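There are 2 protein chains.
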Amino acid sequence: MSATMRMAPALLLAPLAACATVAPAPVAAPVANPPAGMQYLYGSGEGAALSVQAWNALLAYVSARVKARPADSVVLAEGARLAAPRFVPCGDKPFAAVFDVDETVMLNTGYEYHDAKTGRGFDAAAWDAWEKTGEGAVGPVPGADHGLAALRGLGVTVIFNTNRSAANADSTARAIKAAGLGDAVHGQTLYLSGDDAMGSRKDGRRATIAARYCVIAMGGDQLGDFSDLFNAAQPVSARRDATLQPLVAGLWGNGWFVMPNPVYGSGLKGGFDDIFPMDKRWAPPAIGEK
Amino acid sequence: MSATMRMAPALLLAPLAACATVAPAPVAAPVANPPAGMQYLYGSGEGAALSVQAWNALLAYVSARVKARPADSVVLAEGARLAAPRFVPCGDKPFAAVFDVDETVMLNTGYEYHDAKTGRGFDAAAWDAWEKTGEGAVGPVPGADHGLAALRGLGVTVIFNTNRSAANADSTARAIKAAGLGDAVHGQTLYLSGDDAMGSRKDGRRATIAARYCVIAMGGDQLGDFSDLFNAAQPVSARRDATLQPLVAGLWGNGWFVMPNPVYGSGLKGGFDDIFPMDKRWAPPAIGEK
Chain A
1 MSATMRMAPA
11 LLLAPLAACA
21 TVAPAPVAAP
31 VANPPAGMQY
41 LYGSGEGAAL
51 SVQAWNALLA
61 YVSARVKARP
71 ADSVVLAEGA
81 RLAAPRFVPC
91 GDKPFAAVFD
101 VDETVMLNTG
111 YEYHDAKTGR
121 GFDAAAWDAW
131 EKTGEGAVGP
141 VPGADHGLAA
151 LRGLGVTVIF
161 NTNRSAANAD
171 STARAIKAAG
181 LGDAVHGQTL
191 YLSGDDAMGS
201 RKDGRRATIA
211 ARYCVIAMGG
221 DQLGDFSDLF
231 NAAQPVSARR
241 DATLQPLVAG
251 LWGNGWFVMP
261 NPVYGSGLKG
271 GFDDIFPMDK
281 RWAPPAIGEK
Chain B
1 MSATMRMAPA
11 LLLAPLAACA
21 TVAPAPVAAP
31 VANPPAGMQY
41 LYGSGEGAAL
51 SVQAWNALLA
61 YVSARVKARP
71 ADSVVLAEGA
81 RLAAPRFVPC
91 GDKPFAAVFD
101 VDETVMLNTG
111 YEYHDAKTGR
121 GFDAAAWDAW
131 EKTGEGAVGP
141 VPGADHGLAA
151 LRGLGVTVIF
161 NTNRSAANAD
171 STARAIKAAG
181 LGDAVHGQTL
191 YLSGDDAMGS
201 RKDGRRATIA
211 ARYCVIAMGG
221 DQLGDFSDLF
231 NAAQPVSARR
241 DATLQPLVAG
251 LWGNGWFVMP
261 NPVYGSGLKG
271 GFDDIFPMDK
281 RWAPPAIGEK
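Chains as they are written, first to last, in my numbering: chain A, 1 to 290; chain B, 1 to 290.
Don't take each hint at face value.
Which copy? The list can't say, so a pair holds if one copy fits it or any two copies do.
Stated by the list, open to error - In silico DSSO-like links for lysine-lysine, alpha-carbon gap of 27 angstroms or less:
id, residue 1, residue 2
1, Lys132, Lys280
2, Lys132, Lys93
3, Lys67, Lys132
4, Lys67, Lys280
5, Lys177, Lys132
6, Lys280, Lys93
7, Lys67, Lys93
Read the hints as simulated data drawn from the structure, not as lab findings. A quick note: this is a predicted structure, and the numbers were derived from the prediction, not measured.
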């Protein structure tokens, strides 16, 4: 890190505020710039490189698995614990890779523009309208369009498991297609919230998919895209620690592929006591804080 | 994504504001929660998984390269262009891996606590004090401590190339050691801003390192950790596109390893017109915006 980099956003405020004033009339008060997380995920080279890096790793991993069929799927078996993972056996089931949709394979550029411009935060009605009408304002996560096409070329069935509503299955399939991510058929290669009685929890849908396929890779931007066990009630720091225990840590980039999303979701939680342990706090000695 | 996830941060504000009030007295007005980027990078399981995934990919890549010596280093040769990359030859030079320090191998937890708590934004004097006195409040990026130890075990020299000041070489080496990242010797395995006349630009230091070593991997959280060419004056969208052109896109996860950092740096730039293309904007039809 350099002072130059650190100060760059501040230095840019003036000229970019000018840009913003010529943007379409916002619903609420105008905002100078999009939030930092959106700049990073939707606009930066760093964010794009991070996504492409994950897709490169996923393709290398899947190519090897297709050549040497694994005994087990990467979907946790019913009753498995993160501390002692057990997986659904593959048998001779056909290969599949299972992906979340939003901010995993598809960027919701249009919705996030609306979100940032209005500054209203998440609005369930607006999101439902987005699921229904957003197909013209989406794009692929960098590397996802090429990545999914390559998986299909390897004979791997691409299955989407998203918390978009089953009521909007057709428009979501159209958005996936419009983003260059190929075909999605509800109940076959597209699973949605409302397909079962588990709401936004995806373990049930994963079990249904793993009963039909040998799932050799999963991708998501949220821990719930890999196992609902991560979202059991627990402190923020315990949830982070759960991703780092040896048998789970070994899965990241080896069957479980996480995509960056600092814009929304279960990773954006925690107060100062959750994020900054008491023994890792600091203040400039001159100021005499701490 | 689910409405639940989307709304969680808002729902948490109340209880966490309570936590914040019992935190050490802030210098400025108290802030309810750390910024979203800090929650993600320093506190989330998603952010931790993303880092571990990168380190797993790096170790797999380096292990293969150590077994089959490559003809070229992953450091761009002088005069190379991103559109037509050429690399420094390896010859029979010993293997090395080159890493940025801040938010690549080491988390600046203490400084970011101060930054978030005061809400002052980057302060060069405070950062200099941090370089001098922060060793007690740092930690490893998830996976970096194990990763660097494993590299050394493979006979790969670990070299740090950071924009911390050469004037603070000793305290930076102490911080690296304190974070569990091993030894760093200025001029041998630690390169700093001020070592040459190029300021925060790292190409000169990379050339010096690549003259002595066969650099088989580089890691960083900023594009400038791989090549200064990314930071040539250009629009935000062109800089992002530069990471996605075929010959560069193939390097992410294959020699060039990017670590997540939505907290600060060259990725956090851009106004609405940079981040949200005119043809990817949307508003709820009911509201009739757009």
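So, going through the hints one by one against the coordinates:
Within a single copy, Lys132 and Lys280 get their C-alpha atoms only as close as 46 angstroms, which misses the 27 angstroms cut-off; across copies the closest is 15 angstroms, which meets it. Within a single copy, Lys132 and Lys93 get their C-alpha atoms no closer than 34 angstroms, and across copies no closer than 58 angstroms, so neither meets the 27 angstroms cut-off. In this homomeric assembly, Lys67 and Lys132 never come within 27 angstroms of each other (Cα to Cα): the closest approach is 40 angstroms inside a single copy and 52 angstroms across copies. For the homomeric pair Lys67 and Lys280, neither the shortest alpha-carbon distance inside one copy (46 angstroms) nor that between copies (39 angstroms) is at most 27 angstroms.
In this assembly of identical chains, the alpha carbons of Lys177 and Lys132 lie at most 27 angstroms apart only when taken from the same copy (14 angstroms versus 53 angstroms across copies). Taking the closest pair of Cα atoms, Lys280 and Lys93 never come within 27 angstroms of each other, the shortest separation being 49 angstroms inside a single copy and 40 angstroms across copies. In the homo-oligomer, the alpha carbons of Lys67 and Lys93 lie at most 27 angstroms apart inside one protomer (15 angstroms), although the nearest pairing across protomers, at 35 angstroms, exceeds that limit.
Violated hints for the displayed structure, listed by number in ascending order: 2, 3, 4 and 6.
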